[in-house]
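In order, the protein sequence lines correspond to chains A and B. As numbered in this note's numbering, the first sequence has no gaps in its residue numbers, which increase by one up to the final residue, 349. As numbered in this note's numbering, the second sequence has no gaps in its residue numbers, which increase by one up to the final residue, 1079.
FYI, nobody ran anything at the bench for these hints, they're computed from the structure. Bear in mind that the values here come from a model prediction, so they are computed numbers and not experimental data. We put the CB at the ideal spot given by N, CA and C, even for glycine. Take these hints with a grain of salt, some might be off.
What the hints assert, rightly or not - Example chain A residues on the side facing chain B (calculated, C-beta under 8 Å, incomplete): (1) M222; (2) L223; (3) I227; (4) A268; (5) M333; (6) G340; (7) L341; (8) K344.
As the list claims (entries may be wrong) - With a straight-line Cα cutoff of 30 Å, these simulated DSSO-like cross-link-like pairs (lysine-lysine) come out: (9) A/K173 <-> B/K1033; (10) A/K95 <-> A/K167; (11) A/K148 <-> A/K235; (12) A/K231 <-> A/K138; (13) A/K247 <-> A/K176; (14) A/K173 <-> A/K95; (15) A/K173 <-> B/K1051; (16) A/K176 <-> A/K56; (17) B/K1033 <-> A/K167; (18) A/K173 <-> A/K231; (19) B/K1051 <-> A/K176; (20) B/K1033 <-> A/K148; (21) B/K1033 <-> A/K231; (22) A/K138 <-> A/K95; (23) A/K247 <-> A/K167; (24) A/K138 <-> A/K167; (25) B/K1051 <-> A/K167.
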Amino acid sequence: MKHFKSILLLLVAFLLIPVQHIHAEEAESKELDIPEIVLEHLADAYEWHIASYEGKHLSVPLPIIVRSENTGEWHFCTAHSLPEPFFFSEEHHGKIYERVGGEEVRPIDLSITKTVAQIWIVVIVLITIFLSCARWYKRHDAHSEAPKGFVGAIEMVVMMIHDDLIKSSIGEKHYKPYAPYLLTVFFFILTTNLIGLIPIFPAGANVTGNINITFFLAFCTMLAINIFANKEYWKEIFWPEVPLFLKAYPAPIMPVIELFGVITKPFALMIRLFANMMAGHAVILSFTCVIFLGWSMGVGYGIGLNTFSIIMLLFMNCLELLVAFVQAYVFTMLSAVFIGLAHKDHHAE
Amino acid sequence: MIISILAAEGLAQLGCGIGAGIATIGAGLGIGKIGGSAMDAIARQPEATGKIQTNMILTSAFVEGCALFAIAACAFLIK
């Protein structure tokens, strides 16, 4: 119960972050541009937009940190008070650019964007959950009594991933050093996916649907596969058991294909997570936009389309709950299987 | 001239849509086969459910990955 209170306190603290009203610079057009709205929600941003009403936008300002290419100075500001040589480039998806002479250059940009802020929130949530669970094991003897309630639920999930997935995919002998990494990846992806489904402020950013994030996760898996791979694995790549002319002279096709496979495995992980989560967010947002589209066409259309889109929204959100879990599970399982392949003991005939 | 350019652009978008659709058909067929065989296998050997399920998810992830490559490519091409 004590942890519940501290989590509640954390949420309240987030809600007390000063929010500011920003006047819209141009008059809002009456036309609804649905692809625009959907893409805007999917993309990263320099401020956390919450709501708009009659041309006024309610959003949480996030810090922008840029280094000027011209003077080498670091600037620290918000999207509202961006200094002069910098501007949001429309043709580069709203990223910050700088005017140097007549040219537009991209300055070094270390801004705390929406995605970064969301990752930090996820990290805080994960640390709170797991440190509070870890405390139970410090105070109790885990061999003689079983945890109850929340700690028990977390233990169930951890044991499921640890025993059924990591141990069985990598193998009894080698799984130990990889278990912490794979469990971290699983819970990070799961929590980010689930938090991404909550539509309001301290949640809802499209993190795992951002290809940079999935690229990094896949890159870590690639390192985990290749750095600690054993001799058998590299022999399979450079000297597989095929006729000599296929692996040496005149046509070293097999090593090329196998090397290509080293890259495509993590690449597939990256694309799978990215495309699944982006598509899920896009479909949910499209159904949300149908509500506004309906009302802009008239009351009759409004009521009819509302009913349709709310039913579909509920359905899609339930489906996305499932997808959130399945994608985290699949990413962890494929990582574990690939790591297991890099630790084969002998050549399987 | 302008009309033909506009038509070409429209055709390009149509191509993206059709490409994504074909990829989805392929993935649907593939995952359907995997799911069907897994159900058969579970019905025959209910005690091996866990192992079959793991392998089913693994295989369908591969099929899905292929289709998602195509769909991502189509999504990037569409303007």
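A quick look at each hint next to the structure:
| no. | hint | verdict |
| --- | --- | --- |
| 1 | M222 | 15 Å, violated |
| 2 | L223 | 20 Å, violated |
| 3 | I227 | 23 Å, violated |
| 4 | A268 | 4 Å, holds |
| 5 | M333 | 6 Å, holds |
| 6 | G340 | 11 Å, violated |
| 7 | L341 | 12 Å, violated |
| 8 | K344 | 17 Å, violated |
| 9 | A/K173 <-> B/K1033 | 34 Å, violated |
| 10 | A/K95 <-> A/K167 | 44 Å, violated |
| 11 | A/K148 <-> A/K235 | 49 Å, violated |
| 12 | A/K231 <-> A/K138 | 40 Å, violated |
| 13 | A/K247 <-> A/K176 | 35 Å, violated |
| 14 | A/K173 <-> A/K95 | 48 Å, violated |
| 15 | A/K173 <-> B/K1051 | 20 Å, holds |
| 16 | A/K176 <-> A/K56 | 54 Å, violated |
| 17 | B/K1033 <-> A/K167 | 28 Å, holds |
| 18 | A/K173 <-> A/K231 | 16 Å, holds |
| 19 | B/K1051 <-> A/K176 | 21 Å, holds |
| 20 | B/K1033 <-> A/K148 | 41 Å, violated |
| 21 | B/K1033 <-> A/K231 | 36 Å, violated |
| 22 | A/K138 <-> A/K95 | 47 Å, violated |
| 23 | A/K247 <-> A/K167 | 34 Å, violated |
| 24 | A/K138 <-> A/K167 | 25 Å, holds |
| 25 | B/K1051 <-> A/K167 | 13 Å, holds |
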